[in-house]
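Asker: Take a look at the letters that make up each chain.
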Amino acid sequence: MGVITKIVNWGRRKSPWVLHFNTGACNACDIEIIAGLTPTYDLERFGVLLKGTPRHADVLLCSGPVTRQIESRLKMIYEQMPEPKFVVAVGTCACTGGVFKGCYNVKAGINTVIPVSAYIPGCPASPKALIDGVTKLLNSLEESPKKK
Amino acid sequence: MHNTGDVKVPIGPQHPALKEPESFLLTLRGEKITAASVKIGYNHRGIEKACEGRTYIQDLYLIERICGICSHSHSTAFAQAVEEIAGIEIPARAKYIRTIVAELERVHSHLLWLGVAGHEIGFDTLLMYTWRDREVVMDILAQLTGNRVNYGMNTIGGVRRDIKAEQIPQVLKGVDTLEERTKYYIKIAGEEPTLINRLSKVGMLSYEDAIRMGAVGPTARASGVQRDVRKDDPYAAYADIDFKVITHNTCDVYGRTIVRVLELMESFQIIRQLLAKLPEGPISVRAPRKIPVGEAVSRYEAPRGEDLHYVRANGTDKPDRVKVRAPTLANVQAVALMLEDRYLADMPIVVAAIDPCFSCTDRLVSINYVDHNSKNTFEWEKIHRDSIEWYKKRGIDFAKLNKTF
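Here the protein sequences line up with chains P and E, keeping their order.
Going by this note's numbering, the first residue of the first sequence is number 1, and it counts up by one from there.
Going by this note's numbering, the first residue of the second sequence is number 149, and it counts up by one from there.
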């Protein structure tokens, strides 16, 4: 691993920029993500910053089963993100489809559309689970920078 | 540049100002919005149809996940409708516990809204303050129901968890803390010049328009309309409780803020009264698995306004039809009116001011081709037959369950 790669990886690990995208969730996971970013849980102490555009983001936080209408938009947003990129599926719906599995307008889980790096289950995933998942993802970067 | 033509600005489905996927197409002349169209359906999951294939108890959990913010509202409204059809009278204690959770949910939802509204006008300090305080009510909810969001408290015929005597002092302590904080927010709302100047005369909706557009909840009450299901058509334990319906007459976003912070104070009073009067007894009665033939409409005052559920039962253990009219659907009509001839910069706060919940609201967008000979046009009967076939392939046969097909 070259010196430059080491520095870039260090920067990525210490301050990952995340983009939150609701792929048809019931809002429960979304409010828990925001709760994770606000003072009580404070994901920002790990350098996590919420960004508004996919072009600035390293991590895509997806919540909700993928509805058929959002599917193409999700792919588009994923393609706009710069490499290396990581996708975190937040909540049971995002992991597998959850209670909505079998509904006519719903695909089952984020991984049916784009590759996923980390799964955080829970209905909704609590901020504590979110912190656990994000730190585990960041620690995994330390060992080997995944290319997904 | 001397271009005076209209400019079309697409916003969404992914946009920093939007918390949920929906898409707006705004036509601008200069900085002013001349036309707005909204495209929804990104969040449509087909819950109403899915309800028809599941039992009443399964539906309760599915209905709860229509919206994570007002989950108790939806499950209570559904449970009330089913109980009415089955002729079940739930115990008084269950009614009180339902109402306590409902009011705690209103507190969490209004605090959440206050933060989001602060964020939309660039007042992020307010977001951080209210969301920190909101954790107090989240802890109470987690303690009483076992989950922070999507409480799973209701069942057909009552509630699933009792409130223990030793939990009550902790709830009251939390409510006291929140009341202190809310007094501070009322002070901010009344004195902070940036907040008052930014929100006054923005998103105007007159009393007449509010009635004409069928606005509900805090949106209607901020236009001076005395409309609150808790008073007009008391359900659960609201008939025994003394509280005021908060209205305001400024008809703008500022009025909606004031209504919500004052409603927080009312909610604290309601929770205290309920906990003081909490009757003894069982928390649920046994409900039949199969619900007799019948139909019912249930009304419920969710934090965003009147939530309406219609349930039709056909004598089996699965409903024949479930229809949900969430408060945002009633309010969203008024938004186009509020945006008309306003500045682009006001758009996020005007949309946020009705506290929109698109996961409650999203419908399937159907396209009707003008050419009736086109093969793309589906007849209702064909869609009906297709849906039956679709479920039959997955092992669910409606024809067996329901003789009316």
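Bear in mind the hints are in silico, worked out from the structure with no lab data behind them.
Remember, predicted model here, so these are calculated numbers, not experimental data.
Warning: the hint list may mix true and false statements.
Mimicking EDC-like on lysine to aspartate or glutamate, the simulated pairs with C-alpha atoms at most 16 angstroms apart in a straight line are [said to hold, decoys possible]:
{"hint": "1", "chain 1": "P", "residue 1": "K51", "chain 2": "E", "residue 2": "D272"}
{"hint": "2", "chain 1": "E", "residue 1": "K392", "chain 2": "E", "residue 2": "D357"}
{"hint": "3", "chain 1": "P", "residue 1": "K128", "chain 2": "E", "residue 2": "D545"}
{"hint": "4", "chain 1": "P", "residue 1": "K101", "chain 2": "E", "residue 2": "E196"}
{"hint": "5", "chain 1": "E", "residue 1": "K197", "chain 2": "E", "residue 2": "E414"}
{"hint": "6", "chain 1": "P", "residue 1": "K128", "chain 2": "E", "residue 2": "D287"}
{"hint": "7", "chain 1": "P", "residue 1": "K101", "chain 2": "E", "residue 2": "E231"}
{"hint": "8", "chain 1": "E", "residue 1": "K321", "chain 2": "E", "residue 2": "D287"}
{"hint": "9", "chain 1": "E", "residue 1": "K540", "chain 2": "E", "residue 2": "E283"}
{"hint": "10", "chain 1": "E", "residue 1": "K425", "chain 2": "E", "residue 2": "D545"}
{"hint": "11", "chain 1": "E", "residue 1": "K438", "chain 2": "E", "residue 2": "D272"}
Quick list of simulated restraints, FRET-style, between CB atoms [as the list claims (entries may be wrong)]:
{"hint": "12", "chain 1": "P", "residue 1": "K14", "chain 2": "E", "residue 2": "I544", "range": "49 to 57 angstroms"}
{"hint": "13", "chain 1": "E", "residue 1": "E339", "chain 2": "P", "residue 2": "V3", "range": "15 to 23 angstroms"}
{"hint": "14", "chain 1": "P", "residue 1": "I7", "chain 2": "E", "residue 2": "P164", "range": "43 to 51 angstroms"}
{"hint": "15", "chain 1": "E", "residue 1": "A183", "chain 2": "P", "residue 2": "T5", "range": "35 to 43 angstroms"}
{"hint": "16", "chain 1": "P", "residue 1": "T40", "chain 2": "E", "residue 2": "I544", "range": "37 to 45 angstroms"}
{"hint": "17", "chain 1": "P", "residue 1": "P121", "chain 2": "E", "residue 2": "D324", "range": "32 to 40 angstroms"}
All residues carry an ideal CB built from backbone N, CA and C; glycine is no exception.
Asker: With reference to the structure, classify each hint as holding or not holding.
Answerer: Quick rundown of the hints versus the structure:
As the CA atoms of K51 of chain P and D272 of chain E are separated by approximately 15 angstroms, the hinted pair is consistent with the 16 angstroms bound. Simply put, K392 of chain E and D357 of chain E have alpha-carbon atoms about 24 angstroms apart, too far for the 16 angstroms limit, and the pair is violated. Between the alpha carbons of K128 of chain P and D545 of chain E the distance comes to roughly 42 angstroms, so the proposed pair goes past 16 angstroms and is violated. Distance check on the hinted pair: K101 of chain P and E196 of chain E sit about 14 angstroms apart at the alpha-carbon level, within 16 angstroms; holds.
Between K197 of chain E and E414 of chain E the CA atoms are separated by roughly 37 angstroms; this puts the pair beyond 16 angstroms, and the hint is violated. At roughly 13 angstroms between alpha-carbon atoms, K128 of chain P and D287 of chain E fall within 16 angstroms of each other, so this suggested pair holds. For the suggested pair K101 of chain P and E231 of chain E, the alpha carbons sit about 27 angstroms apart, so the restraint of at most 16 angstroms is broken. Distance restraint check for K321 of chain E and D287 of chain E: the Cα-Cα separation of roughly 12 angstroms lies within the 16 angstroms cut-off, and the hinted pair is therefore satisfied.
Note on K540 of chain E and E283 of chain E: the hinted pairing is violated, with a Cα-Cα distance of about 45 angstroms set against a maximum of 16 angstroms. Distance restraint check for K425 of chain E and D545 of chain E: the Cα-Cα separation of roughly 48 angstroms exceeds the 16 angstroms cut-off, and the hinted pair is therefore not satisfied. Straight-line distance between C-alpha atoms of K438 of chain E and D272 of chain E comes to about 51 angstroms, which puts the hinted pair past the 16 angstroms bound. A beta carbon spacing of about 51 angstroms between K14 of chain P and I544 of chain E agrees with the range 49 to 57 angstroms that was offered as a hint.
In this structure the supplied range 15 to 23 angstroms is violated for E339 of chain E paired with V3 of chain P, their Cβ-Cβ distance being about 55 angstroms. I7 of chain P and P164 of chain E have their C-beta atoms about 29 angstroms apart, which leaves the hinted 43 to 51 angstroms range violated. With their beta carbons about 51 angstroms apart, A183 of chain E and T5 of chain P fall outside the hinted range of 35 to 43 angstroms. For T40 of chain P paired with I544 of chain E, a C-beta distance near 43 angstroms keeps the hint of 37 to 45 angstroms intact.
Our hint of 32 to 40 angstroms for P121 of chain P and D324 of chain E holds, since their Cβ atoms are close to 35 angstroms apart.
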